[in-house]
Amino acid sequence: MTESILAPLWISCKTVLTTTVITFFLGIAAARWMAHYSSKWKSLIDGIFILPLVLPPTVVGFGLLLLFGKNGPLGEFFSWFNTTIVFSWPATVIAAVVMTFPLMYMSARAGFEQVDINVENAARTLGASEWRVFWTVTMPMAWPSVVAATVLTLARALGEFGATLMIAGNIPGKTATIPVAIYFDIQAGHNDRALILVGIVLVISFVSLAVLAYWKRKMPRTTGFLVSE
Amino acid sequence: MLEVRIKKSLPGFNLDVNFSINQEILAILGPSGSGKTMTLQCIAGLIQPDKGYIKLNDKVLLDSAKGIKLKPRVRRVGFVFQNYALFPHLTVEDNIAYGINHLPKDEVKTRVSELMAKTHIAGLGSRFPRQLSAGQQQRVSLARALAPEPELLLLDEPFSALDSQVKERLELELMNLQNYYKGNILFVTHDLTEGYKIASKIAVYESGRVVQCDYKNKVIGSPANRTVARLTGVRNIMQGTIESIKGSTARVMVPELGGKLKITKDDVANFTVNQIVTIGIRPEYIHIVDHPGENTFLCKADRIVEGVSLINCFFYASNKNTERHWIEVSLHKAHAPLITEGHECYVYLPPEHIVIIKD
Chain A
49 MTESILAPLW ISCKTVLTTT VITFFLGIAA ARWMAHYSSK WKSLIDGIFI LPLVLPPTVV
109 GFGLLLLFGK NGPLGEFFSW FNTTIVFSWP ATVIAAVVMT FPLMYMSARA GFEQVDINVE
169 NAARTLGASE WRVFWTVTMP MAWPSVVAAT VLTLARALGE FGATLMIAGN IPGKTATIPV
229 AIYFDIQAGH NDRALILVGI VLVISFVSLA VLAYWKRKMP RTTGFLVSE
Chain B
32 MLEVRIKKSL PGFNLDVNFS INQEILAILG PSGSGKTMTL QCIAGLIQPD KGYIKLNDKV
92 LLDSAKGIKL KPRVRRVGFV FQNYALFPHL TVEDNIAYGI NHLPKDEVKT RVSELMAKTH
152 IAGLGSRFPR QLSAGQQQRV SLARALAPEP ELLLLDEPFS ALDSQVKERL ELELMNLQNY
212 YKGNILFVTH DLTEGYKIAS KIAVYESGRV VQCDYKNKVI GSPANRTVAR LTGVRNIMQG
272 TIESIKGSTA RVMVPELGGK LKITKDDVAN FTVNQIVTIG IRPEYIHIVD HPGENTFLCK
332 ADRIVEGVSL INCFFYASNK NTERHWIEVS LHKAHAPLIT EGHECYVYLP PEHIVIIKD
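Quick note, the sequences are listed as chains A and B, same order. To convert, count from 1 in the first sequence and add 48; that's this note's numbering. To convert, count from 1 in the second sequence and add 31; that's this note's numbering.
These are calculated hints, taken from the structure and not from any lab test. Hints should not be assumed to be uniformly reliable.
Claimed, not checked - Selected chain B positions facing chain A (Cβ under 8 Å, derived; list incomplete):
1. L77
2. R104
3. V108
4. G109
5. F110
6. F118
7. P119
8. Y129
9. R175
10. P179
11. Q209
12. N210
13. Y211
14. P286
15. G289
16. G290
To be verified - A partial selection of chain A residues facing chain B, derived with a Cβ cut-off under 7 Å:
17. G95
18. V167
19. R172
20. T173
21. G175
22. P192
Glycine included, every Cβ here is placed at the ideal spot set by N, Cα and C.
With the hints as extra help, turn the sequences into a complete structure.
Shown next as structure tokens:
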């Protein structure tokens, strides 16, 4: 019993952490690129980036299944390396990354666009490269938005169900994350096990919200929130 | 040495400017929206002009014909932004050190404290920008721009957000800047007195063009056109016809005043008899006298506005001419004769203080 409780917890932890790291960098890179990009395609690209947020998760999951399935373009690509993505642990990460990307992208972009262009320009006239401007000026100034987005990403990754079920399935000890395990436990009448998992999710969610609230309250007073180089 | 020739078209606005300075302070004067800030941004490389050539000392920063376009970070141009644009998350010290922290640590430290002393912000090093007054933020911004020893310093309306006392102190400090910064300085302003105090040259902007760029006394003494005259505080502008020219003295018939006006200016030789010209005089140069005479006209006070130290009187010339405008006279309270509205008196326009403009 303890083993079957710990397995979904362990899988979810791995998935959530890996997803958050990947989404963090992907979302920030896309946000930074779009904040400076101007072309007639801008709103189209923006729409594609945000699409997973408005589509039903099962639709996104089905799309991923087509992409990564045996005959899908990416599925064929991975089959060259004798790897199958569908119904494996990496599939839980892929589903969660796709579903959380819009959150990270939107908040980070809003944060970057709020940064006074004059402040970034001041850094440029002082001899800073674009890379240095981004990491020493833009990021620290957009930091509150980025942190909030990261917490949202974490929470959303933990709760991801629909797309994960479609592409990763429910393989106990392999792909069954907490939300998927809860669903199948209830289906099978194991309400007690489901309840323990629900309790775990509640604790994790509550703690992360509390940490965010504490940090938000503390933040305005500790201005040097990102240590300068 | 700074040479600037730039062109940029935007919907509804064209910037087309051309000027050069040689290790001096140039004030760019003009109304808002005349392209002053855009000029600074082009020089710093923050925006790209469509066409142009910018050379700073021996370095070509931009040459659109040859495809040269240096990045802002290698131009060595210091920029003090209108809103100061300090890094809000860095302390004053780290703000100033931002442009020089490739240098050894102790060198950075000495340079930062030196600059903080020069800009009168010593002791504020560990504060964050939002803990500073506007005047202190402005000083930090200046120190930060000076730290990497730029070859050119650009100041965008440096005093616009300050109250008048702080502004006056900072103006004085900026004048002292030349004691420790030997480079070109370009500063944008819409305030003539500010520009005149600090700069040696003034470039007058009007809708994206430089209408006059010269030494400040030349710009004040012989404005190139009505716009320059108006922008530089020549409030009384009238039309007239030249009747005679002898040496440096011209006599101009001014219908609005109902009489002839004597003008003594070295540049009257550039004009011809019967030419229609615009003449102007600053309100502070006009006197009230108690007897008729040359360049003296009987006028009726129409409106009197009392300021703290000056009294501004708006007169109408007492004649039958219907096309008349107010003649504005600024008098020092201490020696102003008692004038009330409706009062008639003699107004004297000194011939050496009248400017004469071609158009």
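Hints versus structure:
Because the closest C-beta pair between L77 (chain B) and chain A is about 5 Å apart, less than 8 Å, the hint holds. Residue-level restraint check for R104 (chain B) holds (minimum Cβ-Cβ distance to chain A is 5 Å; threshold 8 Å). Contact between V108 (chain B) and chain A, as hinted, is supported at the beta carbon level, the nearest pair being about 6 Å apart and thus within 8 Å. Hint status for G109 (chain B) relative to chain A: holds, with the closest Cβ pair at about 7 Å, below 8 Å.
Taken as an interface hint, F110 (chain B) checks out: its beta carbon lies about 4 Å from the nearest beta carbon of chain A, inside 8 Å. Hint status for F118 (chain B): holds, given a least beta-carbon distance of 6 Å to chain A, under 8 Å. The restraint placing P119 (chain B) at the interface with chain A holds, with a minimum CB-CB distance near 7 Å, inside the 8 Å limit. Hint on Y129 (chain B) holds. Least Cβ distance to chain A is approximately 5 Å, under the 8 Å limit.
At its closest, the beta carbon of R175 (chain B) sits 7 Å from a beta carbon of chain A; the interface hint therefore holds under the 8 Å criterion. Restraint check, P179 (chain B) versus chain A: the minimum CB separation of about 6 Å is within 8 Å; hint holds. Checking Q209 (chain B) against chain A: minimum C-beta separation of about 21 Å lies over 8 Å; hint violated. With its C-beta approaching chain A no nearer than about 23 Å, N210 (chain B) sits outside the 8 Å limit, and its interface hint is violated.
For Y211 (chain B), the suggested interface contact is broken, since its CB lies about 19 Å from the closest CB of chain A, more than 8 Å. The interface hint given for P286 (chain B) is broken, as the beta carbon of that residue sits about 51 Å from the closest beta carbon of chain A, more than 8 Å. Checking G289 (chain B) against chain A: minimum C-beta separation of about 54 Å lies over 8 Å; hint violated. The closest approach between the C-beta of G290 (chain B) and any C-beta of chain A is roughly 55 Å, which is over the 8 Å cut-off, so the hint fails.
For the restraint placing G95 (chain A) at the interface with chain B, the shortest Cβ-Cβ distance is roughly 27 Å, beyond the 7 Å limit, so the hint is violated. Because the closest C-beta pair between V167 (chain A) and chain B is about 5 Å apart, less than 7 Å, the hint holds. Contact between R172 (chain A) and chain B, as hinted, is supported at the beta carbon level, the nearest pair being about 4 Å apart and thus within 7 Å. Hint on T173 (chain A) holds. Least Cβ distance to chain B is approximately 4 Å, under the 7 Å limit.
Checking G175 (chain A) against chain B: minimum C-beta separation of about 5 Å stays under 7 Å; hint holds. Restraint check, P192 (chain A) versus chain B: the minimum CB separation of about 11 Å is more than 7 Å; hint violated.
In the structure shown, a violation is registered for the earlier hints numbered 11, 12, 13, 14, 15, 16, 17 and 22, in ascending order.
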